[in-house]
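I would like the entire structure built from these sequences, with the hints used as guidance.
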Amino acid sequence: MEDDLRAEYDLKSLRVRRLGSGRRSFGETTVRLDPDVAAMLPDADAVNEALRFLIRGMHNHQALIPKPQASNSNAPDG
Numbered sequence: 001m002e003d004d005l006r007a008e009y010d011l012k013s014l015r016v017r018r019l020g021s022g023r024r025s026f027g028e029t030t031v032r033l034d035p036d037v038a039a040m041l042p043d044a045d046a047v048n049e050a051l052r053f054l055i056r057g058m059h060n061h062q063a064l065i066p067k068p069q070a071s072n073s074n075a076p077d078g
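If you're matching positions, the sequence shown starts at 1 in the numbering used here and goes up one per residue.
Be aware that one or more of the hints could be misleading.
[Said to hold, decoys possible] Straight-line C-alpha distance at most 20 Å; calculated SDA-like pairs for lysine to any residue: (1) 67 - 57; (2) 67 - 56; (3) 12 - 2.
Rather than coming from a laboratory, the hints here were simulated on the basis of the structure. Note that the structure is a prediction, hence the values are computed from the model and not measured.
This is the structure in structure tokens:
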């Protein structure tokens, strides 16, 4: 068998990446988008921007909701 590999290429120490659950993560989380969502968000920057907008909106909405006050057990009924 002939190939174009040079003698100085040592492929014996080459590490093969496994597929599936045995594959190591390199610090990034992959999230699979449904096709209709992916069509609206063309790249990772668009996804991150949309999620940050949603998170800000949730925080702002929670700030507008009054917190329930503790009931005063010493107050007279009715």
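(message) Holds or violated: residue 67 and residue 56, Cα atoms, limit 20 Å.
(response) Between residue 67 and residue 56 the Cα gap is close to 19 Å, so the pair holds against 20 Å.
(request) Please work out if residue 12 and residue 2 have their alpha carbons no farther apart than 20 Å. (result) 18 Å, holds
(message) Holds or violated: residue 67 and residue 57, Cα atoms, limit 20 Å.
(response) Satisfied, since the Cα-Cα distance of roughly 18 Å is no more than 20 Å.
Violated hints: none; the structure is consistent with every hint.
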